[in-house]
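**Q** Read off the chains here:
There are 2 protein chains.
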Amino acid sequence: MDIIWDPLEIERKSMEIIEPYLVSHNLNPGQKAVIKRIIHTSGDPDLIHDVRFHPRAVEAGISALRKGAAVFTDVNMLKAGINTKMVQGYGGEVRCFIADPEVAVAAKAMGITRAAAGFRMHSAELDHSVVVIGNAPTALFEVMDLINKNMIAPALLVGTPVGFVGAAESKELLLQLDGVPFITLLGTRGGSSIAASIINALLYYQGDK
Amino acid sequence: MDIIWDPLEIERKSMEIIEPYLVSHNLNPGQKAVIKRIIHTSGDPDLIHDVRFHPRAVEAGISALRKGAAVFTDVNMLKAGINTKMVQGYGGEVRCFIADPEVAVAAKAMGITRAAAGFRMHSAELDHSVVVIGNAPTALFEVMDLINKNMIAPALLVGTPVGFVGAAESKELLLQLDGVPFITLLGTRGGSSIAASIINALLYYQGDK
Numbered sequence: 001m002d003i004i005w006d007p008l009e010i011e012r013k014s015m016e017i018i019e020p021y022l023v024s025h026n027l028n029p030g031q032k033a034v035i036k037r038i039i040h041t042s043g044d045p046d047l048i049h050d051v052r053f054h055p056r057a058v059e060a061g062i063s064a065l066r067k068g069a070a071v072f073t074d075v076n077m078l079k080a081g082i083n084t085k086m087v088q089g090y091g092g093e094v095r096c097f098i099a100d101p102e103v104a105v106a107a108k109a110m111g112i113t114r115a116a117a118g119f120r121m122h123s124a125e126l127d128h129s130v131v132v133i134g135n136a137p138t139a140l141f142e143v144m145d146l147i148n149k150n151m152i153a154p155a156l157l158v159g160t161p162v163g164f165v166g167a168a169e170s171k172e173l174l175l176q177l178d179g180v181p182f183i184t185l186l187g188t189r190g191g192s193s194i195a196a197s198i199i200n201a202l203l204y205y206q207g208d209k
Numbered sequence: 210m211d212i213i214w215d216p217l218e219i220e221r222k223s224m225e226i227i228e229p230y231l232v233s234h235n236l237n238p239g240q241k242a243v244i245k246r247i248i249h250t251s252g253d254p255d256l257i258h259d260v261r262f263h264p265r266a267v268e269a270g271i272s273a274l275r276k277g278a279a280v281f282t283d284v285n286m287l288k289a290g291i292n293t294k295m296v297q298g299y300g301g302e303v304r305c306f307i308a309d310p311e312v313a314v315a316a317k318a319m320g321i322t323r324a325a326a327g328f329r330m331h332s333a334e335l336d337h338s339v340v341v342i343g344n345a346p347t348a349l350f351e352v353m354d355l356i357n358k359n360m361i362a363p364a365l366l367v368g369t370p371v372g373f374v375g376a377a378e379s380k381e382l383l384l385q386l387d388g389v390p391f392i393t394l395l396g397t398r399g400g401s402s403i404a405a406s407i408i409n410a411l412l413y414y415q416g417d418k
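From first to last, the protein sequence lines are chains P and V.
Counted from 1, the first sequence has number 194 at position 194 by my numbering; the numbering is strictly sequential.
Remember, my numbering sits 209 above the position in the second sequence when you count from 1.
No lab work stands behind these hints, which were simulated from the structure alone.
Here the structure is a predicted model, which means the values were calculated and not measured.
Please note that the accuracy of each hint is not assured.
So, partial list: chain V residues that the calculated Cβ filter (under 10 Å) puts toward chain P [unchecked claim]:
#: 1; residue: S223
#: 2; residue: I227
#: 3; residue: G239
#: 4; residue: M330
#: 5; residue: A345
#: 6; residue: F350
#: 7; residue: A376
Ideal placement from N, C-alpha and C gives every residue a C-beta, glycine not left out.
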């Protein structure tokens, strides 16, 4: 078997194989970079059909990250998948509140998930940030509610919650969000790996090439 | 919209929705538990067709974890997705070598990925362990090579590397592995979320119910 061992060659070859899946889609270079990384991360070219971008999303995300925006995630696995060093290099940080003891207490008291409670309790910090929700539909519902109430204004909202209970519904609602640019993957599919790949694509983006 | 906010109710409802996808498949209770969690994690019922189990895999994995076996992962995101507290509760630990400085040096010197180099350098620790490779085909090729050379004997090898360069090939080879039980997802799909869900299913397994 002809195994490729060199990591740079693997990445180059992988992106070369993914490229043809994108040709018939009408994408700008930034959107293309995001979708390429989603397919690279999932091994599933079929996901291209379900990705949706607010027209200003890629631009807004890249701009915010380069200005040192904080990145807030719903779960720690997603946090671990983001290139933290690059975020920090721009002056930002990656944070997740789900394991904080006071969030657990509040979640239990409010009868909601810890992921949703984390964003509710830290809403004052979310302005101009990049919010990334890869798992919990409840967290996405909560953040959209805070936006619709004019309580927070993140620079970008990435929402790819996964599963059969509320995920697809939360993402349909995200399509109608007013005022905050978003990136999403419709349907039941999603998760930490895909959400992280979107942020990493924005971090790695180097223009039209 | 009828949003469900209670985490236990979300999990219960999710598993109830997934159940019908499994009925026509000939699975024992342990295999069923693993596949349910893969679908729960990915939102993709179609993955059921590509999961493959060595006949003794689930039993061997559960038994090893309960005896306090160490869990070794190829990347840190996968490590973050595993229920570390449960592993530690049994006396085990979850480890990943990819970010170790000496692994980076060795990988560069050997012209291989850091994921593969991590397993090569720590091969002496892999006996009776649970090895989980969610991303790097090169790491899976390396671990299979060590097994085939009789240098290591993990209790279980979970291999769900992802992508278009070597992933599918590495998993086809895993099907022919002799002596070490395995769980895999054939084809290009895979990744950290799916690999973590397999280990968590083994940790959470409570028998036939």
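**Q** For each hint given before, does the structure comply? Return the numbers of the non-compliant ones in rising order.
**A** Of the numbered hints given earlier, those the structure breaks are 3 and 4, listed in rising order.
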